[in-house]
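Protein chains in written order, with the working numbering: chain A, 1 to 156; chain B, 157 to 527; chain C, 528 to 885; chain D, 886 to 1040.
Note that these hints are calculated values from the structure, not bench results.
Where is the CB? At the ideal position from N, CA and C, for every residue including glycine.
The reader is advised that the hints may include incorrect statements.
[Claimed, not checked] Heads up, simulated DSSO-like pairs for lysine-lysine below, C-alpha to C-alpha not over 30 Å straight-line: (1) Lys4(A) / Lys246(B); (2) Lys450(B) / Lys97(A); (3) Lys608(C) / Lys191(B); (4) Lys32(A) / Lys211(B); (5) Lys191(B) / Lys862(C); (6) Lys393(B) / Lys1029(D); (7) Lys450(B) / Lys82(A); (8) Lys457(B) / Lys507(B); (9) Lys454(B) / Lys950(D).
[Claimed, not checked] Residues from chain C that face chain A, not an exhaustive set, calculated with beta carbons under 8 Å: (10) Leu542; (11) Phe566; (12) Phe567; (13) Val581; (14) Trp584; (15) Arg588; (16) Trp846; (17) Phe848.
[Claimed, not checked] Here are some, though not all, of the chain A residues that point toward chain C, as calculated from beta-carbon distances under 10 Å: (18) Ile10; (19) Gly13; (20) Thr24; (21) Gly25; (22) Phe29; (23) Leu74; (24) Ile116; (25) Ile117; (26) Thr121.
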Amino acid sequence: MTLKQYFRNIWDGMRSLAAGMRRTGYYFFHHKEIITQEYPDVPPRLAERFRGEVVMPHNENNEHRCTGCTACELACPNGTIKIITKYEITPDGKKKKALDKFIYHLELCTMCNLCIIACPTDAIKMSQAFEHSVFDRSQLIKILNKPGSRLMEGVE
Amino acid sequence: MFKEVLAEDQDCLTLNVGPQHPSTHGVLHLVITLKGETILRVDPHLGYIHRSIEKMCESLSYRQFIYVTSRMDYLSAHINNHGCALCVEKALQIEVPQRAQVIRVLMDELTRIASHVLWWGAMAMDVGAITPFFHAFREREMINEIMEETCGARLTMNYMVPGGVMYDLHPNFQRRVKQFISFFKSKLNEYDELLTDNIIFKQRTQHIGVLRREDAISFGATGPVGRGSGWACDVRKRAPYECYHQLQFEQVVEQAGDCYARYLVRMGEMRQSLSIIEQLIDNIPSGDYQAKTKAVLKLPKGEYYSRVETARGEFGVYIVSDGGTTPYRIKFRSPGFSNLSALDHMSRGHKIGDLVAIMGSLDLVIPDIDR
Amino acid sequence: MISLEFILQSVDRWLRDRLGHEVAVAVEYVLVGLFVILFFAVLGLVLVFMERKVSAWMQVRLGPNRVGPGGTLQTLADTIKLVSKEGLTPAGADRFLFNLAPVLMIVVSMLLLAPIAFARNVQLWDINIGVLYVSAISSVSVLAVLIAGWSSNNKYSLLGAMRSGAQIVSYELSAGLSVLTIVVLSGSLQVSQIIEAQQTGWWLFRGHVPVLVAMIIYLIAVTAETNRAPFDLAEAESELTAGFHTEYSGMRFALFFLAEYANVFVASAIGAILFLGGWMPLHLGNWDAFNRIMDWIPSSIWFFAKTFFFIFVIMWFRWTFPRLRIDQLLELEWKYLLPLGIVNLLVATTIAVAGWYF
Amino acid sequence: MNASLETTLQSVLAAAPVPVQLTAGSQWPELVVAPDDWPTLAPFLRDHAELRLDFMFCLTCVDWKTHLTMVYHLNNSSCERVVVVKSVLDRQQPRVASVANIWRTAEFHEREVYELFGVHFVGHPDLRLLILPEGWEGRNPLRKDFEDPVNMIRL
């Protein structure tokens, strides 16, 4: 190693280090580049497709669109959904299968969206709720159809 | 006092790196034998997060098993899902619409950038610089938001389905991707300032963990590890899938085989991925985003294998079907597993600090190795 | 004008009037001891907060912003947490040495405060070999690190401690040489006289290139000596989890933590004294009006401003650079810093002898 | 491409040191070899000038309930030339020669197959459990008759 090369090494090294320090120094003084999201104070903007949990929308007459066909239960890879059906007597006297309880295990759900795709009547959808932490996992077992709700007219 | 230190050999020291260790990026357990600070042997002990996904998949249908593969290499979840979807499509001979193909490639390349960006930050952290990690997350966050908008999730997207993609692109997709491209191009130069040209970083990575070409082939070390050793092993070039054969991009190959070569390969790949995205983003064909498929998929009896290039290397899906609705046997060839097997060979004779740099340059994702 | 010197003299006079000479001196000793402890506590809080903010801003983050106004009480909350935590002693550890190490570490840092001039005529002990004293005492801290690493009965700690040993012993040389450069120019080892010698201008401005080189070498060497990144091999978070203090928790860990920051402060203060004139205000040639305004700023402010500038630079290093490897660390010292330091010292001596400085 | 590879294989295998059965396979040409002949065939395939199958990208095993089948996917490192090699093993006493010294990637893959299927690889340099905790020898999770004592789905 010649003396010239020796000082060249030092000079190049110092320059490369200075370049890095200039970059961090820039960020030190430019606070508008800060990207921290102050989460609980400023609620996050979630995309409308964000998958947080499965919900079953009800209309104002407390009616849902689920026929209890169990397509979602079959599509689910984790056994998250359990559908209990009952027989209802229609006004014209026929017995008809209807939804009794739509049990949804949020603690098993991986938000893969396969149940939503499988549903033939668009009865369930993904909501954007994401703050799911609770102290007891049994609180995560949810019944999605509201008590006393019934099937919307015209949904087969 | 130091009974176990002076075990078997009087001169050697056995050190457990992991399962919980800052630089194993997960729960990898390495038993290393040291002489002073020089490494004599590295013995990986795996399985701390082995979920036996291969066995799980044997009880899942061909629609369901795809989502599980996001949990393997969670940093290139899209590409894993892509490989599985390709395998099912190959078996059922489904023609994937042009639009779906382009969407898939776009997503793959975005995932590749996100994965490489995170690797860049993690690599910097492994060699002791903490600031780049946060800078890397800033860019990764942009990609994650694009993913969230279109796919509905940030990490385990489950966007690929047999026959196409789950839903169409979000209307904002093109605009945000273009924003990202222009933003990321300027940041890549900052990356060079912070690490690539940094003398300390060069000292830490050059001539460290040299893997020669024939060793890389023998170890099956694919992806940036293989290409860093001068082996052109990109599946996108070797056996193009989807629309890769129509795209202009270069396979980044470095000859040195050391940590710095692997670093340069990944930096080059980020630029190549950007160019692929730029070629496609304005030319997304219209049409269906999903081919018509049956509700219940049944693969004909036989064996199917599909290969894709993830951010870590060649990912293979091997499905053995007995004609039923679930796979009879499924095998995932994960790139990390083969790359890890070269770790012992690469790190012998180096120092502990080098082991960390080598692990960083291998870009290990432990769930990918353990499956 | 109220200055730190004036306040201290009034306290001294008041004590002497009430208690007589001997008792007053004894009381002053106690007060000084209390001051050092209090100063350390405040220093720890301030520097940790500063480090967090510096790192956060460089990393495009906000940093602590919840506890207290602007997050200023965050470090206090952390201190309370650390104090109330259980201090575990690992089975198989050498209990006596294990407990001794953090105490030794903090005592060394406290001793180093003695010759530092905080303001005009404010100094705990103006020892006539001031800078030599600092060099001598600061190398004792390596003992604390070695003891901590050895007594923990942990391989990571041991490796960290051994690295630290090699590192501190090596970098002591470079730090010493660059200190000598200034000693040669000032012609004294006494801190007060070194500062006096900079009455007409700081050494950095008067001493040509050799002082600049000495300052850079000094900065690099003290960064290494205080075990901070990019030379934090003794801790090397990504390699050795936490190095020599892997097994320490609670208050004993807090002592190590505090000692690290105290050492950074002391090293920066010495640097400020040697190269930037300590509490000496900035004077520019014959600009009398300017010089008078500079004189008007209290000397303690000058001292702390310079010290914190050096601290900021050391933090800036830490949040920018990757870590060196142990052999590269020693190579940097023995192949680059030490030869440069020696040549630099020769040049500086020539300048001093010939009187070529301004 | 597949057809030309098959003709090449036919001519190459005629000179093979051991009897090999060549079939078209669903995707790539398949060779079936007896487990005892495999150690002779493996270096032949790797070193043959026309084949040079020096890149083993997949090694696995399939449990067919009556027998086990070892499946090796081989490829050329510079061009696409995939050949699948299969070897049928006895299910009670599965033994096959290790190829870890021919393709070094096989070292880890064989250890994985050893613990998940119980195949014993003769001549493997370091045949230990890789993934499973100590004391799992003899219970092979990926065999079809394996019952997990803790079954999450039934819980």
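Structure-inconsistent hints, enumerated in ascending order: 1, 3, 4, 6, 8, 10, 11, 12, 23, 24, 25 and 26
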